[in-house]
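Q: The residues making up each chain are set out below.
There are 4 protein chains.
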Amino acid sequence: MIIVMKPDHTADELRELVMKMEKLGLKTHISKGERRTIVGLIGDRDILQEIPYTSFAGVESAHPILRPYKLVSREFKEDNTRFQVGPNCEFGGKAIPIIAGPCAVEGREVLEEIADALHELGIPLLRGGAFKPRTSPYSFQGLGEMALKFMSDVRERTGMPVVTEIMDPRDLLLVYKYADVLQIGTRNMQNFRLLTEVGQLDKPVILKRGMSATIKEFLMSAEYIMSRGNGKVILCERGIRTFETETRNTLDLSAVPLLKQLTHLPVIVDPSHALGRVDLIPAMTLAAVAAGADGLMIEVHVRPHEALSDGAQSLTPEGMANLIERLRPVAKAVGRELLLVPGAHQVRAGEKVEAGA
Amino acid sequence: MIIVMKPDHTADELRELVMKMEKLGLKTHISKGERRTIVGLIGDRDILQEIPYTSFAGVESAHPILRPYKLVSREFKEDNTRFQVGPNCEFGGKAIPIIAGPCAVEGREVLEEIADALHELGIPLLRGGAFKPRTSPYSFQGLGEMALKFMSDVRERTGMPVVTEIMDPRDLLLVYKYADVLQIGTRNMQNFRLLTEVGQLDKPVILKRGMSATIKEFLMSAEYIMSRGNGKVILCERGIRTFETETRNTLDLSAVPLLKQLTHLPVIVDPSHALGRVDLIPAMTLAAVAAGADGLMIEVHVRPHEALSDGAQSLTPEGMANLIERLRPVAKAVGRELLLVPGAHQVRAGEKVEAGA
Amino acid sequence: MIIVMKPDHTADELRELVMKMEKLGLKTHISKGERRTIVGLIGDRDILQEIPYTSFAGVESAHPILRPYKLVSREFKEDNTRFQVGPNCEFGGKAIPIIAGPCAVEGREVLEEIADALHELGIPLLRGGAFKPRTSPYSFQGLGEMALKFMSDVRERTGMPVVTEIMDPRDLLLVYKYADVLQIGTRNMQNFRLLTEVGQLDKPVILKRGMSATIKEFLMSAEYIMSRGNGKVILCERGIRTFETETRNTLDLSAVPLLKQLTHLPVIVDPSHALGRVDLIPAMTLAAVAAGADGLMIEVHVRPHEALSDGAQSLTPEGMANLIERLRPVAKAVGRELLLVPGAHQVRAGEKVEAGA
Amino acid sequence: MIIVMKPDHTADELRELVMKMEKLGLKTHISKGERRTIVGLIGDRDILQEIPYTSFAGVESAHPILRPYKLVSREFKEDNTRFQVGPNCEFGGKAIPIIAGPCAVEGREVLEEIADALHELGIPLLRGGAFKPRTSPYSFQGLGEMALKFMSDVRERTGMPVVTEIMDPRDLLLVYKYADVLQIGTRNMQNFRLLTEVGQLDKPVILKRGMSATIKEFLMSAEYIMSRGNGKVILCERGIRTFETETRNTLDLSAVPLLKQLTHLPVIVDPSHALGRVDLIPAMTLAAVAAGADGLMIEVHVRPHEALSDGAQSLTPEGMANLIERLRPVAKAVGRELLLVPGAHQVRAGEKVEAGA
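Chains as they are written, first to last, in UniProt numbering: chain A, 1 to 357; chain B, 1 to 357; chain C, 1 to 357; chain D, 1 to 357.
Treat the hints with care, since some could be wrong.
Derived DSS-like pairs (lysine-lysine); straight-line CA-CA distance at most 30 angstroms [claimed, not checked]:
(1) B:K32 - D:K203
(2) B:K216 - D:K32
(3) B:K32 - D:K94
(4) B:K70 - D:K32
(5) A:K6 - C:K203
(6) D:K149 - B:K6
(7) B:K216 - B:K20
(8) C:K32 - A:K70
(9) B:K177 - B:K203
(10) B:K32 - D:K77
(11) C:K77 - C:K203
(12) B:K94 - C:K27
(13) B:K20 - D:K32
(14) A:K6 - C:K216
(15) C:K6 - C:K94
(16) A:K32 - C:K216
(17) A:K32 - C:K20
(18) A:K32 - C:K32
(19) C:K6 - A:K94
(20) A:K32 - C:K23
(21) B:K32 - D:K20
(22) A:K27 - C:K6
(23) D:K23 - D:K94
(24) A:K332 - D:K94
(25) D:K32 - B:K27
(26) C:K27 - A:K32
Far from chain A, some chain D residues (derived; all Cβ distances over 10 angstroms) [said to hold, decoys possible]:
(27) T28
(28) F76
(29) R157
(30) T245
(31) R303
Taking beta-carbon pairs under 10 angstroms as the criterion, some of the chain D residues facing chain A (in silico) [to be verified]:
(32) L24
(33) G25
(34) L26
(35) Q84
(36) G86
(37) P87
(38) T214
(39) E246
(40) S254
The set of hints was computed from the structure by calculation and includes no laboratory data.
C-beta atoms are modelled at their ideal positions from N, C-alpha and C, and glycine is treated no differently.
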């Protein structure tokens, strides 16, 4: 930590600061320039971070030298984190998995329709919301446990592991029971209690970037999860809030190579929520893969205009099929490939697939 | 709702749209201009809000005419909402209450020191964090129930009702038991489950604006609380996230007159978290009152540089005393006054004040 | 400047960096911590600012210690800058001048009507646009020199010095000839050529904050003007661009106390352009004065709905009169007063007032 | 235009509004809903845009139906605009030209070194700043005409057409004389006078998006240029200002497919200025091409750490060569190709290439 003293600080103020810092176990190093005196502090990172330096008399500013995250950092672990979800899908490897499905689970039949179509395309993971965070209390809030059951049944039917959002620590056991991957939504990226809870599970967690979260805050939230023991964290860029109104949010693709540099965790991209409009999704999905994304999360619905939420941003299965064809060569061009489940089209309704088989 | 059709839409697309809208019970009204055809939709606001218009073929854009909130709206209730907190303090009236105290409760003694000093100044409400949302998992997370007990004891000692943040629905009973006012923090403004829970209580709730929440989203979150029956909602502007880095966030004071126009709920301002630095707090507190704030929330600590969180933005009691003297004439200048508890300085440690007396 | 080396930098990289810095005349100071090696650089501020530190091999980050501005800084000049505009108006003093008038000069008669009404109210300075920066090439672009002549004639008539915007260095002589104060608009805050030009004049310049300019950039633009010799710079906060759409921009009032701390230059506030809607202007003008503004700039039109630009944000003279009555006690409450020209109401159309008299 | 009346508007207010609108030549259409009365206005787009609707008594809000731009719009011209720059380079076609070179021209020799290296790589266009917009008045401001001469000489030497920024209308003839493509920088996107001037030229103009400009404003600035007759406008996304500080700005790649949908003009991407750091440039350049960019603008310097501006974001020629190899397959994957000048490596210093040959 570098402390810059005010030009008019007194010798007493400097002495007081140094004394208090040393009492906290920090080593200090004073350096007097022509215009400013600087105090370097060396010691435990967690202590360094916590001190309200500018509330000391005579202090002008404080500049942290170390990044505040540890476990999520590439400095801590150099190699990419890799892990399996179900028998066919790996995160963090060369192949790029696609998570697709409806925003919300709206009923058994429509979910089956969507899942069958995605399965046919070889999509390895199914998403679907059971508990929906909606801006309005009068909007459809999700089917809750019933939706989880439908998803679980569809997993039996298709073999696709399922991804669903958890909004409330009280739903933990319920969601854990049914889901293969838990998702923390953008509005809960700093719901630290929820992070702490999922940090104690043994299932992968998709952590979505808060819509106004800095990269540093995003990684600190992942650090919450890892600090509790769960290393299977998937970071998901999903757009940040800016002044632009043509798109719902602004997809920050530079977060992808930046995160890949700072952390060993897999980084995926959700263009659907970032853009909020279906017409721009194909181009931005191609761009996400070119930027180095380790996975994709895309909303698909068989009849978007009947969707109970986010219809305006949902691809149809045909749209998804078309997008896959366009994605293949781009993935190849950057030395990757799409993770599609071979032979998926041979599994049909009625055939049971063992979970974990 | 106004639907604008694309210039090249077909007659079939228009017919399809109209048919579907009428099936949903909406009345439609087509108007053909030179360059665009427009479809007006009339019907239930909640239905109108939910339809993904742009996923219909031929639709260019959709423009809502009605604001999406009801219960919180001035259209719904014209007069200012007013309610008491404890015997001495009212929100929504002419007098402006100040809520002051430390960011986090750090121990019994330091809390007593702070509370006594504030009580001496006539401050009507004490704030203090028991559960702290911290960016880092390695930072001080609050003393939990112990902090609540300390606050409750200090209420006994000073008669000051206490305000504290709730972060987790599982803490509801605990926090309800000890606190007079519950606070929903900026990171939980869209924690809809938590909103739903506090909406079922009979105690006032301070709802802080999310740091990247629009005014509309802010009011929709208040609507969540009111829709469950709790009408005692206090809206708190606490700064929004912008590109400026000299201050932690940008205090959006225009939210005050804007909210006063849109809603009947009291609107208070927290300059401490918005600015993150103590030197700008006095000027911005004066400005908040001039802008029409119905209350203030300000961090005060007896020894800011020892504070375990947010020391850099805490006033000392002397700073607070000085600020009160500067606030008085400004409040008067805009036809208001500070709500200070008369005779507070006569209550001393050891004298017991009955809660509710 | 503090340079932080990467954890894996080589001794050669460090040596190379130090050598190059010393060649540039900088003193270096190496300090090895447990996790990072730090290089402190001392020397000429302008040289320090210009070096692309992170393009050196082995460098992780660079942290400037000194602020980049000089002449505009309080460190350079401690006392408030004060100067006269015309015989009756001073900037930088205790009294707060109001600059009022239409967005654009639309014709001789309407300008006279507005100016007479403002003069009647004691407003000391008249604003009016001759050259208008408009988003659309098809919008009214201002009357140009004719507008300047009308303003000049109105100055004869009322004695009010006039403020107008300059958009193009080629208009310099023209605008200089007619205007008493030149304004640089928000879109030209970083039109460095224009800044350099007005920096060579002997007339005051109102520099508006760019709508996405940081405080640092704002002051650097003022530095451009001062570095050419013109010390009569008035800084004007006029709203910054954020995600909020209820107001045109977000008025950043915290910029007022912050700027007053960093610079000796007067700081004024333009609530009209920040808010873009007339209903919020009174409250935010009161707040601006409470925050410490040294002046105000407010759009006034006799018939806002006929205005050729910015009608939606213009007060009527009656609105302005009412606002003055509300402003007086607030100014007094913060130890200031409004600068109103006494006896103004006795000057009438037809009576000639000598410029400078 | 759709006007929404306040719920408590009077019949007189409505009548007054309608009367005034019809006087302006607009047709009105009143529609009374349960909660709101709506007035539709039909007529000339430019008139519709200019009226300050909310300054009329009884009006709650106004909603424009038509986009405000014409000439730049796909509605106006369906096919992509295509044009040549020099004998070898086309914008708007299938092949993607790269514009590369130093931020600023720093001297004849270093420019020749850079240009030769780029020419060797087949880069079709050379960029270099003669007039530099710098935040600080004490920073290197460019070599002015001397830089233009060096660029012109290098064009002779290599055959590469040159791109340079114009900041001041007074430099128009000078820059026109030497440059093949004129660039309007991000800070001048709304320098409407400059736009008007370059709108009268017959040379292509690269218009950079203002760093806080909406897509609508961006297109309106292009409309300024086209409305004066110059249809050779190239739109350049170069990052927008957000709260994120790890990158200088946030590259908004979704602007690429969005602009391609709204306008027929070519859209290029400048990752260098958006990111401000060289390490993220390769990944984001690949992403730009995948997103559909029609061209790229990339800073290259032979010795970035000696660059007088923007060294931290400059690739070396080796970095550029490597990037080209990575770009080729991505371009191909999206049905495009890089526009590289074949045989470029055979042209050597000393051989004169005729301009336009």
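Q: Check whether the Cα positions of K32 (chain D) and K27 (chain B) lie no farther apart than 30 angstroms.
A: Judged against 30 angstroms, a Cα distance of about 12 angstroms means the pair holds.
Q: Are K32 (chain B) and K77 (chain D) close enough, with their CA atoms no more than 30 angstroms apart?
A: With a Cα-Cα distance of about 23 angstroms, the restraint between K32 (chain B) and K77 (chain D) holds, given a limit of 30 angstroms.
Q: Hinted pair, alpha-carbon criterion (30 angstroms max): K32 (chain A), K216 (chain C). Please report holds or violated.
A: holds (25 angstroms)
Q: Could you grab the alpha-carbon distance between K32 (chain A) and K20 (chain C) and see if it respects the 30 angstroms cut-off?
A: holds (22 angstroms)
Q: Hey, K216 (chain B) versus K20 (chain B), does the alpha-carbon distance stay inside 30 angstroms?
A: Satisfied, since the Cα-Cα distance of roughly 28 angstroms is no more than 30 angstroms.
Q: Holds or violated: K23 (chain D) with K94 (chain D), Cα cutoff 30 angstroms?
A: violated (50 angstroms)
Q: Starting from K32 (chain B), check that the Cα of K20 (chain D) is at most 30 angstroms away, please.
A: holds (22 angstroms)
Q: If I take the minimum Cβ distance from T28 (chain D) to any residue of chain A, is it greater than 10 angstroms?
A: holds (28 angstroms)
Q: Does L24 (chain D) pass the interface check with chain A, least Cβ-Cβ distance below 10 angstroms?
A: violated (28 angstroms)
Q: Given the hinted pair K94 (chain B) and K27 (chain C), is their Cα-Cα distance within 30 angstroms?
A: Not OK: K94 (chain B) and K27 (chain C) at ~61 angstroms, beyond 30 angstroms, violated.
Q: Holds or violated: K216 (chain B) and K32 (chain D), Cα atoms, limit 30 angstroms.
A: holds (25 angstroms)
Q: Are the Cα atoms of K6 (chain A) and K216 (chain C) separated by 30 angstroms or less?
A: holds (18 angstroms)
Hint compliance for this structure: hints 1, 3, 5, 6, 12, 15, 23, 30, 32, 33, 34, 35, 36, 37 are not met, and every other hint is.
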